[in-house]
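Undergrad: Protein sequences, first through last, are from chains U and F. The numbers in the numbering used here rise by one with no breaks, and the one at position 30 of the first sequence is 30. The numbers in the numbering used here rise by one with no breaks, and the one at position 167 of the second sequence is 507.
If you are wondering where the hints come from, they were derived from the structure by calculation, not from laboratory data. No false leads were mixed into what you were given.
As a list, the in silico PhoX-like pairs of lysine-lysine whose alpha-carbon atoms are at most 25 Å apart:
hint : chain 1 : residue 1 : chain 2 : residue 2
1    : U       : Lys151    : F       : Lys544
2    : U       : Lys127    : F       : Lys368
3    : F       : Lys547    : U       : Lys144
4    : U       : Lys94     : F       : Lys544
5    : F       : Lys544    : U       : Lys110
6    : U       : Lys127    : F       : Lys544
7    : U       : Lys56     : U       : Lys94
8    : U       : Lys127    : U       : Lys144
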Amino acid sequence: MNATTLEKKGSNHLYSSSDYLLEVTELKKHFPIKAGILQRTVGSVKAVDGVSFRVKKGETIGIVGESGCGKSTAGRTLIRLYEPTGGDILFKGKNISKMRESELRRTVRKDIQMIFQDPFASLNPRKTLKHILAEPLITHNLYKGREREDKIQQLLEKVGFNPMFINRYPHEFSGGQRQRIGIARALAVNPDLIIADEPVSALDVSIQAQIINLMEDLQDELGLTYVFISHDLSVVRHISDKVGVMYLGRMMEFANKKDLYDEPLHPYTQALLSAVPVPRRKGVERRERIILKGDLPSPSNPPQGCVFHTRCPAATAMCSERVPEYKEVKKDHFVACHLY
Amino acid sequence: MSQTNPEISQSELELNPNLTEKPETLTKIFLRKFMKNKLAVIGAVFLFIIILASILAPVITPYSFEQVNLMAKLHPPSADYWLGTDRYGRDIFTRLMYGGQISLMVAFGSVIGALIIGVSIGALAGYYGGIIDAILMRIVDIVISIPSIFLLITIVTIFKPSVGNLIIVFALTSWTSTARLVRGEFLSLRSREFVLASKTIGTKSYKIIFSHILPNAMAPIIVAATLLVGSVILAEAGLSYLGLGVQPPLASWGNMLQGAQNYTVMLTAPWYPIFPGLLILLTVLSFNFVGDGLRDALDPKSIE
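Chain U on its own, in the form it takes in the complex:
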């Protein structure tokens, strides 16, 4: 499937240099902790501390992890809402990690868009749908006058919205409807990559399914690539081609969905997957739950060595000393663990 979508995009010379639409290497984002009247930096919260993965065009990458593991920060750093502290972000073969905002605006802002978690906070309450959807078109000078109006109507239709609501304000709509508007806004500039930061976790389960289906339909239709951030393992399993598991700012495991869910290698992934509730069926053994001991350590003072060793059931002496290398142990299966 990737081969065909690749060819479609073959006209873009920047892209042909690499197989991947997005390559993230050792991405880091540390937030300084400041204290005193001089605002000296006394430490840092290592929200993202070494995340690497690669995304092919047309794929959906799921990123999972518990609250506070840095997955949202990783997403926002990827799209350069935050300045990365270190690491490289290659988008279409171009390093955007240190690009200036003016250059970003000229080159990649149009190609990477984001869908946000909270549909009640992601739309300006003082603007009508028309204004909200016109903003990306005006910013990038796309379409004029009548055509712009048509495009906005098309966008609304595309996300299953009646275009007659074009002059309404966001407060008149429900959460699921607002999330559709958020998706329409992200689509307005015809992006290649969409970073979806917990796009369904604020919604009812039935609405979640609608939004997920909509995202899948749009992907088929427009050849979109998704980075799908969520804490919901079942949703990620449903939508993703590849899945990355994050813990305390680091990528612990990254593999094809099937490999990761059927044969998780990292002890953290195993524990995480064992927590997913499964319906009981005859003949199917109940899986044993792996209960992790202790709390999530503070990202401002992460443990030495492997960050997971304090809670890992398989930890050895080496784990508290050396940081495990994040390496490909099987084809397309990356793990950061001393066991492999």
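Position chain F against the provided structure of chain U, taking the given hints into account.
TA: Relative to the frame of chain U, chain F by itself:
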């Protein structure tokens, strides 16, 4: 999927039947909520009358504000002098209307000035944060620490206390609370998701500030400005009462009170201090009521 999905649109209509009605604009919602607060409505009507009367003073008043009639000094309220006369025989009703012009002009002028300074500084500090924020907020701290009543008195003594000077002085001493308020709003709004969405779209900073952040910060700014008008009217009255504000023969509510501060005058001609005092009280009270009403009506959290 490229066409409308009729199923979803239909179910949306059923779930949310009010969507088929005419949309209620934000202005309508605001008016509906403001009208619920009776005190605020009364205050607004009162202010409207006062402002209109001040503007129309030359038309509706029977005398000129400096017309002296020594034959009718301290004349009690009568058909000729509706609210009586002062110690030079000037008509108090007339002077109240003209005084309203001056007092309100000083108040509105100062507040507009304070808003321009306060909103700009607060917006810069809140939006950019970091070192810019630190520097600007220390300046605010310094300005707040200056005892403003002494500063006012000093400046007014050095420069001639004209209406223009008063406006400048009040603007320069009262912008700090606005700056802090706006900074706080900007700090919280700049990390809201709709602002982040604009950034990912590539919208330029000045556009984000003016089209996304400022409109959402307007409600508290308007409320604060309304309350500030009340406090500037009081400050001007106080300064004029000390003889440092608007100078006679120009009338302001404060310097009319000053003229009546004599003990015997207060006893023999109570209408002389009462009417300007009452007008100051009612006007400031009205501004406060309207401010409260605006706060409730503009609260975005109760927009539903």
